[in-house]
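**Q** Below, each chain spelled out in residue letters.
There are 2 protein chains.
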Amino acid sequence: MSYPDELTRLLESNLKELAYGEMPEVAPLGEAMQYSLLAGGKRVRPVLLMATSQAFGRQPEEMLPTAAALEMIHTYSLIHDDLPSFDDDDLRRGQPTCHVKFGENVAILAGDALFAEAFRLICERQQGDAAVLLEVIREISVATGLKGMVGGQYLDVSGIPDDDGEALRLLHSLKTGRLIMACVHCGGLLAGAPEKELTNLRVFAAELGLLFQIKDDILDVVGETAVLGKQAGTDARLDRHTYVSVYGLEEAERLALRSRDEALKALDRVGGSTEALAGITNYIYERHQ
Amino acid sequence: MSYPDELTRLLESNLKELAYGEMPEVAPLGEAMQYSLLAGGKRVRPVLLMATSQAFGRQPEEMLPTAAALEMIHTYSLIHDDLPSFDDDDLRRGQPTCHVKFGENVAILAGDALFAEAFRLICERQQGDAAVLLEVIREISVATGLKGMVGGQYLDVSGIPDDDGEALRLLHSLKTGRLIMACVHCGGLLAGAPEKELTNLRVFAAELGLLFQIKDDILDVVGETAVLGKQAGTDARLDRHTYVSVYGLEEAERLALRSRDEALKALDRVGGSTEALAGITNYIYERHQ
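Protein sequence lines, in the order shown, are assigned to chains A and B.
So the first sequence is numbered by this note's numbering: it starts at 4 and just counts up by one.
So the second sequence is numbered by this note's numbering: it starts at 4 and just counts up by one.
Bound-form chain A, shown alone (with noise of 0.2 Å):
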């Protein structure tokens, strides 16, 4: 049960033919949005999408316009996240990030027109029933909005109670998690997956998600600024609350253990074939950066 490669390397090449038309005049605002989504990554969260459709007998060619559109939401969020009033970043993937390419203004348009153009990227090319359609756009935009991504977001730059491992919790399920149930949730809905299905696969992807976050929290402290292809110790030089400063180094391993057993037990109950997303699991488990 290891990652599936394959899929990462199909979402890659699709996005590399994303074409955002021939307006010449917006071409260069274009680049920077390729720039940024180009990047690289294991597109963990669109792979989940084609992971799930698949475990239910879909080809994950079928769900390539919902998969990027994640991945276009996903690097929006990292584009506005590495700007000056947010971490002010200077790397991510290894490269100098949006804002410091090619400016702030031109960085926060390229996060805004990702958003957009992932919505238009679903409603033109992804095939299956609009009612279903409309169902995939609205878990999208929950996961994304105030009780979602930009909500969690809101937490962290706010700041949130020393100590509070349960604010902790709602900070990361909401900016991390919830997107990451989305994908799980989407692949779901789009193979035609029966209610009680859906239902399991959400248990799944929550402890997925607190494992993805737990884990990134201990390789932002243990990890390697070369290997990480990001600033590593950005959380500490933030002040930030992590896994790591709210209950320890060796306590935050053991949590990330748990969780990916909770994750591979929920699995266990998924009717589907779902070793790729046993794959998925064990790699965000092991991941080193």
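These are calculated hints, taken from the structure and not from any lab test.
Bear in mind that the values here come from a model prediction, so they are computed numbers and not experimental data.
Take the hints with a grain of salt, since some may be wrong.
Heads up, the list lumps identical chains together, so a pair's fine if it works in one copy or across two of them.
What the hints assert, rightly or not - The calculated lysine to any residue pairs, modelled on SDA-like cross-linking and capped at a C-alpha distance of 20 Å, are:
hint, residue 1, residue 2
1, K45, E289
2, K104, S161
3, K104, V160
4, K104, G162
5, K268, L201
6, K45, R141
7, K104, F89
Using the hints, position chain B against chain A.
**A** Below, chain B alone, put in the same frame as chain A:
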């Protein structure tokens, strides 16, 4: 044929009731969103949507979710436009801009969240056939993406060649015109207007968008800050190309008159009862703010 103020009032009370859920942790971000959303104004975009659907016999109340969503998207664009790395405006609709009041990072997030919540609102609340709603979301995502609002904003910050009327026209048709067209188009779509009428409506909307922008440029020169509710003279301060800087004030006034006449002529070809749309057109031509 006067402005349909009753539609503004209807939208206004709907916006006040908008609740973003009961998650107290993120309530302050919801407040920043509402602060900018409730700053008043004629609500031209949602009123256009409702007036268009009214022309084809639909009740404006039925269109409130999409109408509110369009105003949320417009508000998001204003918040980002006002940021220090864009226009760096301190005043909007007579009150401190979002980033002055809440800080730059919260303002960026308030814009981001308004965009996401706008799509959520349409998915969750707008009545209509799923295929029509999907087409509404597609139209809005195109109008706000790289070849729409955000692309136009990019042209604005990156600059266009001096005295280039064509480039200026493209800039504004993307930045302002495209969303205005989406409002009219979606009003027709949701009302089930036939394809021929949708085409007529788009011709009207194109002229209206042009009129809107020419007047905006004129008001930035001849308007007073107190009446405008935003800083007058911003265009000149930023050395920005406008209809006044490219054509001179007198010619700009003539272009505005011509656009009004063209818009009203286009409206005559639309089959429904278009009194409210004519009222909006006259208001935009005569407005002082």
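**Q** Run every hint past the structure and note whether it holds.
**A** Status of the hints after comparison with the structure:
Taking identical chains as interchangeable, the C-alpha atoms of K45 and E289 lie at most 20 Å apart only when both belong to the same chain, with a minimum of 13 Å there against 55 Å between chains. Taking the shortest alpha-carbon separations for K104 and S161, only the inter-copy value of 14 Å comes in at or below 20 Å, while the best intra-copy value is 27 Å. Within a single copy, K104 and V160 get their C-alpha atoms only as close as 23 Å, which misses the 20 Å cut-off; across copies the closest is 16 Å, which meets it. With identical chains, the CA atoms of K104 and G162 are at most 20 Å apart between copies only, with a shortest distance of 18 Å across copies and 28 Å within one.
Proximity of K268 and L201 under a CA criterion of 20 Å is satisfied intra-copy only: 16 Å inside one chain copy versus 53 Å between copies. For the identical chains of this complex, K45 and R141 are neighbours neither inside a copy (26 Å) nor across copies (29 Å), given an alpha-carbon limit of 20 Å. For the identical chains of this complex, K104 and F89 are neighbours both inside a copy (17 Å) and across copies (17 Å), given an alpha-carbon limit of 20 Å.
Checked against the numbered hints listed earlier, the structure breaks hint 6 alone; every other hint is satisfied.
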